[in-house]
Amino acid sequence: MTVSYPRFKAAACHASSVFLDAEKTAEKACDLIAEAASNGAALVVFPESFLPGFPVWAALQAPIYNHGFFRALAAEAQKLSDGAIRAIRMAARRHGLFVSLGFTEGTEASVGCLWNSNILIGPDGAILNHHRKLVPTFYEKLVWANGDARGLRVTNTELGRVGMLICGENTNPLSRYALMAQGEQVHISTYPPMWPTRPPEEDGAYDLKRAIEIRAGAHAFEAKVFNIVASGYVDAAMREAMGALGRESLEVMDKSPRGISMVLDPSSQVVGDVLCEHEGILYADIDTARCVEPKQFHDVVGYYNRFDIFHLQVDRTAREPAYFAESAALKETLGAPAPALGGTDDMFADMDGMR
Numbered sequence: 083m084t085v086s087y088p089r090f091k092a093a094a095c096h097a098s099s100v101f102l103d104a105e106k107t108a109e110k111a112c113d114l115i116a117e118a119a120s121n122g123a124a125l126v127v128f129p130e131s132f133l134p135g136f137p138v139w140a141a142l143q144a145p146i147y148n149h150g151f152f153r154a155l156a157a158e159a160q161k162l163s164d165g166a167i168r169a170i171r172m173a174a175r176r177h178g179l180f181v182s183l184g185f186t187e188g189t190e191a192s193v194g195c196l197w198n199s200n201i202l203i204g205p206d207g208a209i210l211n212h213h214r215k216l217v218p219t220f221y222e223k224l225v226w227a228n229g230d231a232r233g234l235r236v237t238n239t240e241l242g243r244v245g246m247l248i249c250g251e252n253t254n255p256l257s258r259y260a261l262m263a264q265g266e267q268v269h270i271s272t273y274p275p276m277w278p279t280r281p282p283e284e285d286g287a288y289d290l291k292r293a294i295e296i297r298a299g300a301h302a303f304e305a306k307v308f309n310i311v312a313s314g315y316v317d318a319a320m321r322e323a324m325g326a327l328g329r330e331s332l333e334v335m336d337k338s339p340r341g342i343s344m345v346l347d348p349s350s351q352v353v354g355d356v357l358c359e360h361e362g363i364l365y366a367d368i369d370t371a372r373c374v375e376p377k378q379f380h381d382v383v384g385y386y387n388r389f390d391i392f393h394l395q396v397d398r399t400a401r402e403p404a405y406f407a408e409s410a411a412l413k414e415t416l417g418a419p420a421p422a423l424g425g426t427d428d429m430f431a432d433m434d435g436m437r
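With our numbering, the residue at position 164 of the sequence shown is 246, and numbering never jumps.
Hints are computed from structural coordinates only; laboratory data are not their basis.
These numbers come from a predicted model, not from an experiment.
Treat each hint with caution, since some may be false.
As the list claims (entries may be wrong) - Lysine-lysine pairs mimicking DSS-like chemistry, simulated, CA-CA at most 30 Å apart:
hint	residue 1	residue 2
1	Lys337	Lys223
2	Lys291	Lys377
3	Lys110	Lys337
4	Lys106	Lys91
5	Lys91	Lys291
6	Lys106	Lys337
7	Lys291	Lys337
8	Lys223	Lys110
9	Lys110	Lys161
10	Lys291	Lys223
11	Lys106	Lys223
12	Lys91	Lys377
13	Lys110	Lys291
14	Lys91	Lys110
15	Lys223	Lys161
16	Lys291	Lys106
17	Lys161	Lys106
Stated by the list, open to error - With beta-carbon atoms standing in for the labels, derived distance ranges:
hint	residue 1	residue 2	range
18	Pro282	Glu375	40 to 46 Å
19	Ile146	Lys337	22 to 28 Å
20	Ala156	Ala318	20 to 26 Å
21	Glu408	Pro282	53 to 59 Å
22	Arg292	Asn121	27 to 33 Å
23	Pro281	Ile146	16 to 22 Å
24	Ser163	Gly286	40 to 46 Å
25	Asp113	Asp381	38 to 44 Å
26	Lys106	Ala263	37 to 43 Å
27	Pro281	Gln378	46 to 52 Å
No residue lacks a Cβ here, since even glycine has one placed at the ideal position from N, Cα and C.
Assemble the whole structure, with the sequences as input and the hints as a guide.
Here it is as structure tokens:
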């Protein structure tokens with residue numbers, strides 16, 4: 083069978099959340115999806131923790147003062163069955179395109195356990211992949227739990243083989259290699275609007291823009307893939323919300339480098355526009371046939387490796403807080419168990435009448 087190489091237009095949303103409001107952020111996402119669809123996009127990518135916003139407060143003041151922000155984030159966290167996720171799935175289905183969405187995920191098992199998650203939604207509204215960030219980075223550990231590798235996979239789509247990693251995961255060579263080894267052709271990288279680590283005037287302060295450029299270029303070049311990068315944006319409302327933290331915190335926000343959104347080709351060259359200081363959608367034409375020629379030079383999951391020397395094993399078992407077993411007699415007495423909450427198949431079946 084002859085190999086086919088899909089071509090399509092990608093859209094990266096360099097956009098702000100409606101800070102700590104999942105419903106209104108979902109409405110904004112649906113508007114951006116409609117705009118991207120009208121411009122011919124087949125894939126729309128949203129930033130890290132877009133729904134309902136990135137918890138930048140964890141960087142700006144001591145955790146003993148952040149309980150109110152954490153409660154607000156937990157209250158807006160989304161399970162896969164919740165309304166904001168459902169609305170975005172319906173928008174993807176309505177416009178017939180793929181959507182990558184970063185969000186803070188909650189769980190029925192706990193009111194305070196949160197994950198930094200990303201889902202890939204298909205043009206029929208189905209959830210094709212569900213990834214939780216494996217390790218929250220630095221102060222993010224105060225907000226999000228460790229994820230598992232259930233979503234550390236490449237999805238075979240009509241656009242090509244699509245993989246995704248969240249922010250600092252794009253620095254993890256083993257996570258990146260795990261996607262390369264599954265034949266990744268299109269990589270999605272998502273980032274926050276800012277990521278302060280020191281007062282900006284101090285030596286060694288983290289430059290998010292430069293870090294993204296290095297990581298995105300490295301993965302595009304090493305994996306020989308197109309890399310779609312979407313970062314968040316600090317709008318006036320987010321800045322005002324953080325204003326309650328005081329003058330010093332606002333100064334850190336105002337002077338810290340911002341995230342950058344762009345698309346890189348398999349040689350790590352920028353394709354199309356770059357967005358940093360202004361909110362908007364950038365577009366890039368992707369031709370996956372361009373992933374082939376660079377593989378002649380370095381194919382780290384092919385002949386440019388020594389599989390007799392190096393071995394990587396990935397455990398993609400879904401980790402749940404408990405596994406419950408009941409006796410056959412008890413099951414018969416109680417009847418069939420209720421369907422699991424948040425199951426994507428049951429939720430999608432409910433959408434058929436909601437187009």
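Going through the hints against the structure:
1. Taking the CA atoms of Lys337 and Lys223, the gap is about 24 Å. The hint holds against a cut of 30 Å.
2. For the hint linking Lys291 to Lys377, the alpha-carbon distance of about 28 Å falls within 30 Å, and the restraint holds.
3. Our distance criterion of 30 Å between C-alpha atoms is met by Lys110 and Lys337, whose separation comes to about 27 Å.
4. Of the pairs offered as hints, the one joining Lys106 and Lys91 holds, with about 27 Å between alpha carbons and a cut-off of 30 Å not exceeded.
5. This hinted pair checks out: Lys91 and Lys291 have alpha carbons roughly 24 Å apart, not beyond 30 Å.
6. With a CA separation close to 28 Å, the supplied pair Lys106 and Lys337 stays within the 30 Å bound.
7. For the hint pairing Lys291 with Lys337, the CA-to-CA distance comes to about 13 Å; that is within 30 Å, so the pair holds.
8. About 28 Å separates the Cα atoms of Lys223 and Lys110, which keeps this hinted pair within 30 Å; it holds.
9. Of the pairs offered as hints, the one joining Lys110 and Lys161 holds, with about 19 Å between alpha carbons and a cut-off of 30 Å not exceeded.
10. Our distance criterion of 30 Å between C-alpha atoms is met by Lys291 and Lys223, whose separation comes to about 22 Å.
11. The straight-line distance between the Cα atoms of Lys106 and Lys223 is roughly 26 Å, inside the 30 Å bound, and the hint therefore holds.
12. Of the pairs offered as hints, the one joining Lys91 and Lys377 holds, with about 23 Å between alpha carbons and a cut-off of 30 Å not exceeded.
13. Restraint check for Lys110 and Lys291: satisfied, since their Cα atoms lie roughly 25 Å apart, inside the 30 Å limit.
14. The straight-line distance between the Cα atoms of Lys91 and Lys110 is roughly 21 Å, inside the 30 Å bound, and the hint therefore holds.
15. Our distance criterion of 30 Å between C-alpha atoms is met by Lys223 and Lys161, whose separation comes to about 20 Å.
16. For the suggested pair Lys291 and Lys106, the alpha carbons sit about 27 Å apart, so the restraint of at most 30 Å is met.
17. A hinted pair counts as satisfied when its Cα atoms are at most 30 Å apart, and Lys161 with Lys106 qualifies at roughly 16 Å.
18. Between Pro282 and Glu375 the C-beta distance comes to about 41 Å, which sits within the given range of 40 to 46 Å.
19. The hinted range of 22 to 28 Å is satisfied by Ile146 and Lys337, whose Cβ atoms lie roughly 25 Å apart.
20. For Ala156 paired with Ala318, a C-beta distance near 25 Å keeps the hint of 20 to 26 Å intact.
21. One distance hint, 53 to 59 Å for the beta-carbon pair Glu408 and Pro282, holds here, with the actual separation near 57 Å.
22. Checking the proposed 27 to 33 Å range against Arg292 and Asn121 shows it holds: the Cβ atoms sit about 29 Å from each other.
23. Evaluation of the 16 to 22 Å hint for Pro281 and Ile146 yields a pass: the beta carbon distance comes to about 20 Å.
24. About 43 Å separates the C-beta atoms of Ser163 and Gly286, a value consistent with the hinted range of 40 to 46 Å.
25. A hinted range of 38 to 44 Å holds for the C-beta pair Asp113 and Asp381, which are about 41 Å apart.
26. Between Lys106 and Ala263 the Cβ separation comes to about 40 Å, which falls inside the hinted range of 37 to 43 Å.
27. Between Pro281 and Gln378 the beta carbons are some 47 Å apart, a value that agrees with the proposed interval 46 to 52 Å.
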